[in-house]
Amino acid sequence: MILGTSPLRSGSRERVLGDTRFGADQGQAGDLYLACVRIHKAPARIDGIDPAPALALPGVVRVFTAADIPGVNRLGIIPVSKDQEFLAEELVRCPGQAVALVAAETPEAARAGARAVVVKLTGAPGVYDMAEALAEGAPLVHPGREQGNLLDLRVIKNGDVEAAFKASAVVVEADYTTSMIEHSALETEGGRAWWEDGKLHVTACTQNPHYDRDDLVRFLGLKPEDLVVIQAETGGGFGGKLDVSVQPYLALAAWHLKRPTRLVYTREESFLSTGKRHPFRMHYVTGADEQGRLTAVKAELLADTGAFASYGLAVCMRAAVHAAGPYYVPNVDVTSRMAYTNNVWTGAMRGFGVPQVALAHEGQMDALADALGLDRLEIRRVNALRPGQATITGQVLKGGVGLTQCLDKVEPIYRTWQAKAKGDDRFAEGVGLGVMYYGIGNTGVSNPSTAQLEWTTDGRVVLFTGVADIGQGSDTVLRQLAATRLGVRLEQIDLVRGDTSRTTNAGATSASRQTYISGNAVMAAAENLEALVLGEARKMLGARHQELVLEDGMVRVKGDPESALGVTEVVRHLTQRGQAARGEGGFDPHTVPLKPDTGQGKPYAAYAWAAQCAFVEVDRDSGMVRVKEIAAAHDVGRAIHPKAVLGQICGGVMMGLGLGLMEEFHPGKTSNFEDYHIPTSADAPRITPLIVEEPEATGPYGAKGVGEPALIPTAPALAAAVGQALGQPMRHLPLSLERVMETLAGAGAKDQPC
Amino acid sequence: MTLDFTLNGQPVSLEGVPAAESLLDLLRHRLDLKGTKEGCGVGECGACSVLLDGKVVDSCLTPAWKAAGREVTTIEGLARDGQLHPLQESFLSAGAVQCGFCTPGMILSAQSLLSDNPDPSDEEIKIALAGNVCRCTGYHDIVLAVRRGARALRGEAPEADES
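Chains A and B are the protein sequences, given in the same order. Per our numbering, numbering of the first sequence is gapless, rising by one per residue and ending at 754. Per our numbering, numbering of the second sequence is gapless, rising by one per residue and ending at 917.
Mixed in with the good hints, there may be bad ones.
Quick list of in silico lysine-lysine cross-link-like pairs, DSS-like style, CA-CA up to 27 angstroms [to be verified]:
{"hint": "1", "chain 1": "A", "residue 1": "Lys223", "chain 2": "A", "residue 2": "Lys199"}
{"hint": "2", "chain 1": "B", "residue 1": "Lys880", "chain 2": "A", "residue 2": "Lys643"}
{"hint": "3", "chain 1": "A", "residue 1": "Lys628", "chain 2": "A", "residue 2": "Lys41"}
{"hint": "4", "chain 1": "B", "residue 1": "Lys809", "chain 2": "A", "residue 2": "Lys628"}
Restraint ranges, calculated between C-beta atoms of paired labels, are given here [as the list claims (entries may be wrong)]:
{"hint": "5", "chain 1": "B", "residue 1": "Gly909", "chain 2": "A", "residue 2": "Arg21", "range": "56 to 62 angstroms"}
{"hint": "6", "chain 1": "B", "residue 1": "Leu785", "chain 2": "A", "residue 2": "Ala419", "range": "54 to 60 angstroms"}
{"hint": "7", "chain 1": "A", "residue 1": "Glu551", "chain 2": "B", "residue 2": "Leu815", "range": "53 to 59 angstroms"}
{"hint": "8", "chain 1": "B", "residue 1": "Leu785", "chain 2": "A", "residue 2": "Leu57", "range": "26 to 32 angstroms"}
The set of hints was computed from the structure by calculation and includes no laboratory data. Backbone N, C-alpha and C fix where the C-beta goes; we use that ideal spot for every residue, glycine too.
Please model the entire structure based on the sequences and the hints provided.
Written out as structure tokens, the structure is:
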């Protein structure tokens with residue numbers, strides 16, 4: 001039994017020994033070191049770059065500017081919105097953008113060179129507020145762009161919200177905001193580039209080696225076969241390692257100088273130059289009938305993409321699709337807008353806009369329950385989407401809908417805490433709920449994965465996958481699936497992963513998609529390999545009409561225990577004929593693109609569901625929120641590796657706690673962990689992770705995904721719990737000491753224009 | 755001047771170490787011991803934790819010269835003769851390793867705690883490890899791993915402590 005057990009995860013022994021070589025650990029003697037010249041005030045026009053003072057320093061080999069980029073200097077993860085100049089050409093659009101790159105013999109010389117490059121700049125008017133950016137006459141972040149500072153506008157429309165509000169027993173209206181968040185993967189971005197066999201090789205920490213390869217090929221004007229990307233072991237990502245970071249610099253310098261190059265960001269450079277989570281401003285109007293059944297949701301969402309688009313289009317759309325939460329809502333009017341500003345750019349981060357809208361749709365549910373005198377858990381149960389009902393995009397759910405089961409799991413805990421919660425003059429306790437659904441994979445677009453499995457003549461099976469394991473455990477889960485499907489032991493499966501010269505595209509490790517989509521690709525590869533082996537065995541056995549089965553490394557004829565062949569014998573037979581015992585497989589979830597004018601369609605093939613509750617204590621004297629306990633029930637379809645699922649849930653809850661209570665990145669101010677606090681073990685509550693398995697018919701053995709869902713309900717549950725403790729709703733994150741004290745002082749947070 | 759110290763049980767003697775060089779740079783770059791990680795460079799994240807005479811320090815903030823005449827233990831020095839240290843074993847069995855970048859520092863920090871307090875409560879573990887940041891696990895399985903490792907180091911049989 002391999003499925004549903006938790007074998008030791010691939011690579012973990014090397015990790016406890018300190019033997020694992022991450023992107024930041026790459027390098028050999030003789031490498032050149034790189035350093036970027038970054039501009040801290042923006043926007044600014046570049047009047048001139050003088051490399052001479054840097055080149056005069058000992059050890060400095062060369063200074064590159066945008067003019068040295070042989071290909072297309074526009075990077076960004078979505079093909080239609082590539083807009084990031086990796087070395088700025090004429091205009092620096094946000095603080096932290098690089099204008100030059102120094103290559104030197106030592107790290108010290110590279111840094112000294114970067115300081116010595118003279119950049120002449122003229123300041124230009126900028127815009128740093130997302131609402132102001134969309135106002136008439138605002139300075140343009142990308143001058144000449146037809147849509148101005150509006151990156152994207154998405155709508156979801158169904159029914160008649162105004163008529164529904166008029167007919168509702170109660171209508172609640174409120175504003176919500178979330179902060180800019182830094183991923184803070186413990187490993188900063190790092191890697192190395194070198195030439196080998198006439199090809200440029202780049203290894204770096206990444207969430208998507210094949211996308212990186214395509215971006216670098218464009219950047220350098222090469223053919224795909226001229227460049228190899230190998231995913232280095234990656235010390236966390238959370239969306240922050242989806243866009244390229246160090247890779248273009250490594251590749252550019254190595255391409256020009258024909259020498260190996262090395263670059264690792266300091267934490268300051270990582271904070272300064274990489275993407276963040278989009279801050280959102282949200283205005284919601286929600287109606288319900290007397291029983292608490294939702295009648296209509298009207299939501300206006302506004303997010304800040306900073307100076308570059310990155311994953312903005314995806315976040316804008318996904319936020320809109322999930323804006324009403326995991327509820328049946330007959331009338332809906334969602335408008336989601338995303339604005340360019342001169343702030344540091346924002347991109348993908350665990351949840352793609354859904355953690356932000358979850359704060360709002362959950363706040364609205366509590367407000368409705370309170371207005372109607374209903375129980376906060378019951379109102380969620382009443383409205384929870386069920387099989388046969390349609391989402392706000394008109395997608396009728398067939399199965400794999402486990403929200404009520406998640407509510408059942410947390411309900412006894414929630415009731416116990418509610419009964420326990422107390423308060424005195426100083427300390428007040430509160431309990432809150434958060435629920436969510438999350439579409440697995442990219443929104444309404446093709447997002448395929450591919451995989452290969454090869455049986456070797458020595459009885460092993462090699463799994464070839466482009467899936468980047470960034471710590472979540474896909475190496476192990478994909479091996480478990482292959483072993484189960486082929487009927488071999490887990491130890492027999494070897495892995496070739498993340499090398500673009502040996503594996504094919506599996507798409508990004510994002511959107512909680514790898515277990516479901518790449519897991520299915522591995523299953524398809526296994527099926528094809530099985531068919532090949534059985535076909536060959538059929539010939540060898542002369543068993544034209546009997547049913548053959550593959551089990552325990554043997555091919556057996558059903559009903560004839562005497563007739564059997566070892567798989568290795570069959571594999572040898574195949575290879576002697578010059579054919580590898582290799583199966584290829586692919587999977588692309590079935591989706592229907594959303595109509596631009598109504599947002600109707602089938603954005604995802606599968607959904608994950610969750611309910612969490614939080615129990616907090618607020619110190620009225622200091623504003624300190626102490627989280628006592630969190631319970632988190634997640635419908636993952638099928639837990640292939642339960643320990644990894646529980647690990648994802650606990651880690652997601654803790655990241656959600658950071659989003660809810662403490663994390664707030666201030667562009668231009670925040671520089672390192674000294675002024676950006678993420679949760680430590682001292683902040684860790686007791687977490688009770690609970691697995692619900694409502695199988696997804698199209699998933700591998702019923703599996704869906706859990707990576708992002710784990711984080712999404714936590715901040716809403718915390719906000720509700722703190723709100724209950726303080727006796728008023730908390731709608732603006734994070735719930736820092738200052739915000740709690742302001743609330744206690746009666747000031748509250750001012751609503752910002754949306 | 756020569757910098758002499760003991761590294762993972764072996765004597766080390768180095769010439770020409772600049773006064774400003776950190777213990778982290780000395781380990782990672784001069785001695786190529788890449789098991790010690792740099793996470794922030796300002797002593798906030800604990801990824802660079804090593805033991806100096808058995809006590810945990812942030813090697814990014816510790817001048818290399820502070821090691822003179824002392825015993826430095828890095829993650830590479832914890833396993834002996836191919837035998838994992840009980841904390842390395844417990845981090846594996848508890849599933850406390852996800853991306854693994856914080857793991858070396860976390861294990862050394864835990865070892866430092868257990869040398870002072872062989873039987874810590876969960877709260878004591880959480881306070882002692884608060885200088886070692888992990889972004890993946892939510893600390894749940896790390897606390898479990900330290901509890902299990904502590905029991906193993908005390909020579910006690912494992913208990914059913916999956917919570």
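CB of B:Gly909 to CB of A:Arg21, is that within 56 to 62 angstroms? violated (35 angstroms)
Do the alpha carbons of B:Lys809 and A:Lys628 lie within 27 angstroms of each other, as the hint requires? It is violated: about 30 angstroms lies between the C-alpha atoms, which goes past 27 angstroms.
B:Lys880 and A:Lys643 were given as a pair; does the straight-line alpha-carbon distance stay at or below 27 angstroms? holds (21 angstroms)
Is the distance from the Cβ of B:Leu785 to the Cβ of A:Leu57 consistent with 26 to 32 angstroms? holds (27 angstroms)
Go ahead and decide if the range 54 to 60 angstroms is satisfied by the Cβ distance of B:Leu785 to A:Ala419. Between B:Leu785 and A:Ala419, where Cβ atoms are some 58 angstroms apart, the hint holds.
Do A:Glu551 and B:Leu815 keep their Cβ atoms within the hinted range of 53 to 59 angstroms? holds (58 angstroms)
Straight-line Cα separation of A:Lys628 and A:Lys41 no greater than 27 angstroms? Not satisfied, since the Cα-Cα distance of roughly 42 angstroms exceeds 27 angstroms.
Straight-line alpha-carbon gap A:Lys223 to A:Lys199, limit 27 angstroms: holds (10 angstroms)
In this structure, the earlier hints numbered 3, 4, 5 are contradicted, and the remaining ones agree with it.
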